[in-house]
Amino acid sequence: MKASTLIRLSLRSILRNRMRSLLTTLGIIIGVCSVIVMVAVGEGSQASIRDNISSMGTNLIMITPPRGQNAANRLVIEDVEKIRKEGAYVGAASGVVRSGSTVVGGIGNWPTTVYGVEPDYLRIKEWNTGAGDFFTERDVNTRVKKAVIGTTVAKQLFPDEDPVGKRFRIANTPFDIVGVLESKGSNAMGSDQDDIVMVPLSTAISRLRRSKYLQSIEISAVSEDRMDDAQAEVETILREAHRLGPDADNDFSVMNQAQIIEMASSIAKTLTMLLGAIAGVSLLVGGIGIMNIMLVSVTERTREIGIRLSVGARRRDILRQFLTESVVLSLSGGLIGILLAVGLSHLLEFVGLRAIISPFFILLSAGFAAAVGIFFGYYPAHKASAMNPIDALRAD
Amino acid sequence: MAVIELKGIKRHYAFGEVTVKALDGVDVSIERTEFVAIMGASGSGKSTLMNVIGCLDVPSSGTYILDGLDTSGATDDGLADIRNKKIGFVFQGFNLLQKTTALENVELPLLYDRAGGGRNVEKEARAALERVGLGERLHHIPNQLSGGQQQRVAIARALVTRPAIIIADEPTGNLDTEMSNEIMSLFKELNESGITIVMVTHEADIALWAGRKIVLRDGRVIREEHKTDAAAVRPLPADGGTA
Ligand SMILES: Nc1ncnc2c1ncn2[C@@H]1O[C@H](COP(=O)(O)OP(=O)(O)O)[C@@H](O)[C@H]1O
Ligand SMILES: [Mg+2]
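Chains as they are written, first to last, in the numbering used here: chain A, 1 to 396; chain B, 1001 to 1243.
Each hint should be verified, as a subset may be incorrect.
To be verified - In the EDC-like style, the derived pairs of lysine to aspartate or glutamate whose C-alpha atoms are separated by at most 20 Å in a straight line are:
hint, chain 1, residue 1, chain 2, residue 2
1, B, Lys1010, B, Asp1027
2, B, Lys1010, A, Asp176
3, A, Lys2, B, Glu1104
4, A, Lys383, B, Asp1057
5, B, Lys1007, B, Glu1017
6, B, Lys1021, A, Glu300
7, B, Lys1085, A, Asp396
8, B, Lys1010, A, Asp396
9, B, Lys1213, B, Asp1077
10, B, Lys1099, A, Asp176
11, A, Lys2, B, Glu1203
12, A, Lys166, A, Asp176
13, B, Lys1086, A, Glu137
14, B, Lys1021, B, Asp1057
15, A, Lys383, B, Asp1027
Read the hints as simulated data drawn from the structure, not as lab findings.
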């Protein structure tokens, strides 16, 4: 029997039982739809994380305290100086400390995050002041109480005047505002990057924190293809600074931007896989639904099978007929599921959730739906084809 | 030359210790263009014999030579092809596909004809339906047809692959006398055009349409009768009643 005839026949028998066919394919529809949407949302959040980290700076290398409970943080401001002095592939470097603090001044107070940084920090972040100036290396060395504020803080405390030259208090210490940062807007994760205050690192260490240890050192390599060199170099410099013997482990951890992205998105990736797998199970359940209905259909149509055998259908013809039917069922369920998923992802985007559907994944799920049809349709089809013509004709 | 040759055909069904001998050594030879009626009491093995002749069933032992070919070595596929090309089956209960038009029912065997690549399936099915006088009923589904018309669709389906033999198991069993006679005269016509017909019936006056009568009992042939009056086309009431 020709393939076109087979498909025509199977479409006809599917359409003869519209409601049943729809209910049968519902499992596949939901399965395919949820697999695609889950994975699309997962991909979307990974992309957001990637964008977010890329927006942290260029050619970024980040040094943080070692991971693990009993590993002490030994990163100090002198380490940054040594890196800046000796690092041939280091373009810029800055120590960073961070603390949440309520700043008071202008028309009131405002809870924000205060960063202790060095002037290089702006270069690393590719950031600039919009008004006034940034503090200098000299300011850092002399622990002056100068601050540069983000536009959100400026708006909250000084809505009607120029904040540059004004004085405000951070943790009861008065600071002079010397500049306002350019507005950066919110990052890919939706948090406001302009809600920030920057003060000289040394000032922050002595006035705002009671610890001389840095939370991180951020470095930007001279160029993208020098990332590895810079990373190796920084590692050597730090080991030397911390006087680590050849057998000692690093008492810090070095990560480049790619590794940071990798680490941050690995959680999202795992979650994507988990959600995809759960949705995949529902696809399998949909397949079992198809098998169930095909078995019922084979029993109901025993006489039809007998008639076909009596006019010369080979066993293979019967097998193909029922297999085609289940594949057409599952495949059309798959296609409906894909359409539904595309619509749903648009809806999610509209609501503000990023969802990325790759054409490859659409093809993959269509293929998977067809495979489910073949896999779960084979047993009923085989059962149909193995019937004895006389017994089949005698059925009612 | 015999188109159907059965030698020592047995068909036994074993149920533990009990063996039902549906056919128990049947020797029958049927010539080309013969019209044979198979008779016998219920349970005498008529249907079993028809199924064997129609290649729907295989005998437990014995040889069946169809059109000069021994069928005992045939595979499932080989038997399917024989059913498709050499034999047309007509059943008591018509066995048409429901919710399917007459035309599509008749097309069915052609769809399974592997050799018929370039043939015009619809045209041939239409011609077969016209031949049985249903040219006006092509797109009716079985529910919309009378019993006699349904049986004629079934005959058209049996004819459409131009088989050498038509096998009919009580083709008039579900029909009233008038429709039965219509079907029998159609058979007569087909037989005269050269098709061998083997038909089961338990009605004596239906059997009179055939040229030969084979009577079964308990799976064996107990009597054969040739119609002596070859000129008799219509059964005479006086001839009826013998079984
Ligand atoms: N599939 C089967 N299994 C067991 N016994 C069967 C089967 N088919 C037929 N028989 C038995 O074989 C005998 C002949 O049956 P059948 O050929 O249908 O008779 P008829 O058509 O002459 O009434 C009966 O006794 C019947 O019970
Ligand atoms: Mg019978």
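Which numbered hints turn out to be false for this structure? The structure conflicts with hints 2, 5, 6, 7, 8, 9, 10, 11, 13, 15, although it agrees with all the remaining ones.
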